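Undergrad: Heads up: the sequence lines are chains A and B, in that order. Position one of the first sequence corresponds to residue -5 (the working numbering), numbered consecutively onward. Position one of the second sequence corresponds to residue 18 (the working numbering), numbered consecutively onward.
Hints are computed from structural coordinates only; laboratory data are not their basis. Misleading hints may appear alongside valid ones.
To be verified - Straight-line C-alpha distance at most 20 Å; calculated EDC-like pairs for lysine to aspartate or glutamate: (1) A:Lys185 to B:Asp246; (2) A:Lys82 to A:Asp25; (3) A:Lys185 to A:Glu227; (4) A:Lys375 to B:Asp250; (5) A:Lys326 to A:Asp298; (6) A:Lys326 to A:Glu385; (7) A:Lys326 to A:Glu351; (8) A:Lys326 to A:Asp275; (9) A:Lys185 to A:Glu195; (10) A:Lys375 to B:Asp89; (11) A:Lys375 to A:Asp399; (12) A:Lys375 to B:Glu247; (13) A:Lys185 to A:Glu125; (14) A:Lys185 to B:Glu29; (15) A:Lys375 to B:Asp80; (16) A:Lys326 to A:Glu227; (17) A:Lys326 to A:Glu225; (18) A:Lys185 to A:Glu406; (19) A:Lys375 to B:Glu29; (20) A:Lys82 to A:Asp116; (21) A:Lys185 to B:Asp80; (22) A:Lys185 to A:Asp220.
Said to hold, decoys possible - Short derived list, chain A residues pointing at chain B, Cβ under 10 Å: (23) Pro21; (24) Asp183; (25) Trp186; (26) Ala337; (27) Asp341; (28) Val342; (29) Ile345; (30) Arg366.
These numbers were taken from a predicted model, which means no experiment stands behind them. Note that CB positions come from ideal geometry on N, CA and C, so glycine has one too.
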Amino acid sequence: MAAGLSRLVGAGGGTTVPGKVLTSLDPDVLDRLARRLPLGSALVSATNGKTTTAAMAAQILGPHLRLAHNSSGANLLSGVTSSLLSAKDAELGLFEVDEAALPEVATRIAPRAVCLGNLFRDQLDRYGELEHVAERWRAVVRDLPAASVLVVNGDDPQVGDLARERPGSIVFGLDDPRQAVPELLHAADSKWCLRCGRPYEYSAIYVGHLGAYRCPACGHARPELDVVGREIELRGLEGVDFMLQTRGESRPVRLAVPGLYNVYNALGAASLALALGSSLDDVVAGLERFGAAFGRFERIAVEDRRLLMLLVKNPAGANEVVRTLVAGGAPKLAVLALNDAIADGRDVSWIWDVDWEPLLAGLERVVVTGDRAAEMALRCKYAGFPVDAIEVVPELGEALDRGLDLTPTAGELVVLPTYTAMLALRRIVADRGFVRPYWERAA
Amino acid sequence: MTTIRVGHLYPEYLNIYADRGNIAVLASRARWRGLGLEVEALSLGDELRPGEHDLLYIGGGQDREQALIAPDLAARGEAIRAAVDGGAAVLAVCGGYQLLGRFYRGRDGGELPGAGLFPLETVAGDRRMIGDCLLDCELESGVRRTLAGFENHAGVTRLDAGAVPLGRVVAGFGNDGASGFEGVRVGSAVGTYLHGPLLPRNAWLADWILERALEHRTGERQALEPLADELEDEAQAVAAGRARSRGGRF
Chain A
-5 MAAGLSRLVG AGGGTTVPGK VLTSLDPDVL DRLARRLPLG SALVSATNGK
45 TTTAAMAAQI LGPHLRLAHN SSGANLLSGV TSSLLSAKDA ELGLFEVDEA
95 ALPEVATRIA PRAVCLGNLF RDQLDRYGEL EHVAERWRAV VRDLPAASVL
145 VVNGDDPQVG DLARERPGSI VFGLDDPRQA VPELLHAADS KWCLRCGRPY
195 EYSAIYVGHL GAYRCPACGH ARPELDVVGR EIELRGLEGV DFMLQTRGES
245 RPVRLAVPGL YNVYNALGAA SLALALGSSL DDVVAGLERF GAAFGRFERI
295 AVEDRRLLML LVKNPAGANE VVRTLVAGGA PKLAVLALND AIADGRDVSW
345 IWDVDWEPLL AGLERVVVTG DRAAEMALRC KYAGFPVDAI EVVPELGEAL
395 DRGLDLTPTA GELVVLPTYT AMLALRRIVA DRGFVRPYWE RAA
Chain B
18 MTTIRVGHLY PEYLNIYADR GNIAVLASRA RWRGLGLEVE ALSLGDELRP
68 GEHDLLYIGG GQDREQALIA PDLAARGEAI RAAVDGGAAV LAVCGGYQLL
118 GRFYRGRDGG ELPGAGLFPL ETVAGDRRMI GDCLLDCELE SGVRRTLAGF
168 ENHAGVTRLD AGAVPLGRVV AGFGNDGASG FEGVRVGSAV GTYLHGPLLP
218 RNAWLADWIL ERALEHRTGE RQALEPLADE LEDEAQAVAA GRARSRGGRF
């Protein structure tokens, strides 16, 4: 009933309120609900891609198991609790968990498997420094039940190192130097050897600081990979193909979502599903069925035009969105929507760490919007973008209309919003009848 | 063409709060006045020759990165002080601001040595000071200006008696959350916790720094011609509103 009430008052789809209410009445409710699941729970966390990775895993596991899955992205304690409440006959819990909430959720749920994807600098005003999050993750891994399987991205030095302390872990990563970028982008994190502080040497850099690294001084290097993505073929904005290789077997996979970062998400989901007992056939079929996680990458028809909405929320994620967009045929017009609510990060300095330049180079016009539209305008101006081609339209609905006006019939408007701007834009489009609210889709 | 020479200290270590935004603003605003601006990275072990650079820039990093560069920076203290005595401008933000003081003492009691340019010391506090911050500054006598930025620091910075702060806190925490002061100024050297980055939405400070750096280069003080700063002013007004409505306070 609480869920219905929350939806009635329009409070974000009612995806966390029941959990909040019940947790305040009964603080141990999550522990007990989780213990009722006959097949236990699996957790997914990362700075970038946790919603998508969990959604891919749900596609793989879903046909065979009844899942409790927080698919709408409510990934704090309350969201996990709510999704358990609303899936009473579930057999397996599959939860994406906020990086900072992971220690508490893991302690309460005692998961069967945990998939850790990556750590990038993100909303420093909210999460604090990367090192502190990594420190807390180390404690999570140390305290996992002995039977739990740990899945880590070996291409991330901080994350891959967690598996060293835990035999039997599954390590995933990429092996396709053709897809490597020539050098670390400006915002790269974890550049310095965990052991001795010297800069790592990379034989291949794939996304941000993710890649095949080795410290020339002390030899600290990427662990051996168990699940590998090879022979990657990017198909612009349409998707990406790769060869999924596990020990002894390999299969081609065709993903319907684009970009190298989605290969990482697919490898994380595949490794997690394999750890939970899925067959390789089920893994491939699930990955190929996958559309896109809510709001991360979405095409919405609006009358005779289309919106292409890509969430941007931190430098590493935004850099990959820019790279994918440019590789898919650079757009001439884009709407950049910058909000600064808590969920977006109140500190907007991160937009200066994003390499927007390759996108701006192809644009003829940019519409900046959101609560911090002027700040985004300055980012474009000081990147050398002509000031008279920057339109500042702070109100999101007006900016959307302006963008659609500038888009030719049957054309596609690229919109890059931060999290709360994405929610607001979806609501605006839904109010006009073009997309169903996400809590209906997620149900 | 006159070219301003900038020495950027440890850019690959100290870049956490979009410090390159500050550099981009200085470079563009110099170029729009027909001036050149060249940035040289000064990293571990590179020589810093006083007088060669008109402006030294140092940003902030995570704890780990700051610990990696602190001994190297402290060893250059004399050279940096000599540069500033010779009229070079300095902009130090966040971690760089702390490390140009005498020392930074962490919560575990461990101490990072500082360069000793700024008359201050910093000790890690119990609570992080995070939020939008608004300052009232008077860098030139009788000219009051506003600075709007974002602060995120655990360090509590205490200025020596008689030291000159960068500004008075209108909203936010500032150096220590108590004194009502933020930042420090020594001649043409300025240190502050404010990032965001600082200069895009505080164009007047960018120009003040450029004028100081230009004076160091040419030997004469000259006012830069004004630019069309509508976007900068709008961004500052929004940020100032944020600080007033939700700036940090204990």
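Undergrad: For every hint, state whether the structure bears it out.
TA: Now for the hints, and whether the structure bears them out:
| no. | hint | verdict |
| --- | --- | --- |
| 1 | A:Lys185 to B:Asp246 | violated, 37 Å |
| 2 | A:Lys82 to A:Asp25 | holds, 14 Å |
| 3 | A:Lys185 to A:Glu227 | violated, 27 Å |
| 4 | A:Lys375 to B:Asp250 | holds, 13 Å |
| 5 | A:Lys326 to A:Asp298 | holds, 18 Å |
| 6 | A:Lys326 to A:Glu385 | holds, 14 Å |
| 7 | A:Lys326 to A:Glu351 | holds, 13 Å |
| 8 | A:Lys326 to A:Asp275 | violated, 41 Å |
| 9 | A:Lys185 to A:Glu195 | holds, 9 Å |
| 10 | A:Lys375 to B:Asp89 | violated, 35 Å |
| 11 | A:Lys375 to A:Asp399 | violated, 23 Å |
| 12 | A:Lys375 to B:Glu247 | holds, 12 Å |
| 13 | A:Lys185 to A:Glu125 | holds, 12 Å |
| 14 | A:Lys185 to B:Glu29 | holds, 9 Å |
| 15 | A:Lys375 to B:Asp80 | violated, 32 Å |
| 16 | A:Lys326 to A:Glu227 | violated, 25 Å |
| 17 | A:Lys326 to A:Glu225 | violated, 31 Å |
| 18 | A:Lys185 to A:Glu406 | violated, 38 Å |
| 19 | A:Lys375 to B:Glu29 | violated, 24 Å |
| 20 | A:Lys82 to A:Asp116 | violated, 34 Å |
| 21 | A:Lys185 to B:Asp80 | holds, 14 Å |
| 22 | A:Lys185 to A:Asp220 | violated, 24 Å |
| 23 | Pro21 | violated, 25 Å |
| 24 | Asp183 | holds, 8 Å |
| 25 | Trp186 | holds, 7 Å |
| 26 | Ala337 | violated, 15 Å |
| 27 | Asp341 | holds, 5 Å |
| 28 | Val342 | holds, 7 Å |
| 29 | Ile345 | holds, 7 Å |
| 30 | Arg366 | holds, 6 Å |
Going down the numbered hints, you'll see the structure goes against 1, 3, 8, 10, 11, 15, 16, 17, 18, 19, 20, 22, 23, 26, while the others check out.
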